[in-house]
Amino acid sequence: MRLSRSLAPVTVALALVLCLPSDAAPHARGSDGKPPAPDLFGAACRTSVRGSHVVAYCHNPYTGTDRVRLHIECARWWDIDTDSAPVDTAPAMTVRLAGRCWKEVRSVWISHQKRR
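According to mature numbering (1 follows the signal peptide of the UniProt record, and there is no 0), the sequence shown holds residues -24 to -1, 1 to 92 in order.
What the hints contain is simulated information worked out from the structure, not anything from laboratory work.
Treat the hints loosely; a few may be bogus.
To be verified - Across the chosen pairs, the derived CB separations fall in these ranges: (1) SER83 <-> HIS35: 31 to 39 Å; (2) LEU16 <-> ARG82: 41 to 49 Å; (3) GLN89 <-> ALA13: 15 to 23 Å.
What the hints assert, rightly or not - Restricting the straight-line Cα-Cα distance to at most 20 Å, the calculated cross-link-like pairs of lysine to aspartate or glutamate (EDC-like) are: (4) LYS79 <-> GLU49; (5) LYS79 <-> ASP64; (6) LYS90 <-> ASP64; (7) LYS90 <-> ASP59; (8) LYS90 <-> ASP15; (9) LYS79 <-> ASP55; (10) LYS79 <-> ASP59.
For glycine and all other residues, C-beta sits at the position ideal for the given N, C-alpha and C.
Let the sequences and hints guide you as you build the complete structure.
Here you go:
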């Protein structure tokens, strides 16, 4: 039995699609075509610098615990930069972090770590 020339490419394409693994075909598992929802994580933090003093408030609106740290870089070369101890911010919790330089503050940032 010989396939016509117009039917042969269609047959080959269909055979290749049927041979694909089930996770390669996007609709093979009955998904609705939407990407999976992102895993929401991370406390929202606001920082305030007044002179040489730094205060940060971090609020965690998500269900996972976020371990936050305050990092302070001082402007003077002889002034010691500081990193706070890590603080676990549980769901629906607000924490206060504070630190200071002897003189001016150059930059401030918060680091986040997912607690397992």
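Going down the list of hints, with the structure as the test:
As the Cβ distance of SER83 to HIS35 is approximately 22 Å, the hint placing it in 31 to 39 Å is violated. LEU16 and ARG82 have their C-beta atoms about 32 Å apart, which leaves the hinted 41 to 49 Å range violated. At roughly 22 Å, the beta carbons of GLN89 and ALA13 sit within the given window of 15 to 23 Å. Between the alpha carbons of LYS79 and GLU49 the distance comes to roughly 11 Å, so the proposed pair stays at or under 20 Å and holds.
Distance hint between LYS79 and ASP64 is unfulfilled; the C-alpha atoms sit about 29 Å from each other, more than 20 Å. Between LYS90 and ASP64 the CA atoms are separated by roughly 9 Å; this keeps the pair inside 20 Å, and the hint holds. For the suggested pair LYS90 and ASP59, the alpha carbons sit about 18 Å apart, so the restraint of at most 20 Å is met. In summary, the hint linking LYS90 to ASP15 is supported, as the alpha carbons are separated by about 11 Å, within the 20 Å threshold.
Taken as a hint, the LYS79 and ASP55 pair is honoured in the structure, with Cα atoms around 7 Å apart against an allowance of 20 Å. With a C-alpha separation of about 16 Å, the suggested pair LYS79 and ASP59 falls inside the 20 Å cut-off, and the hint holds.
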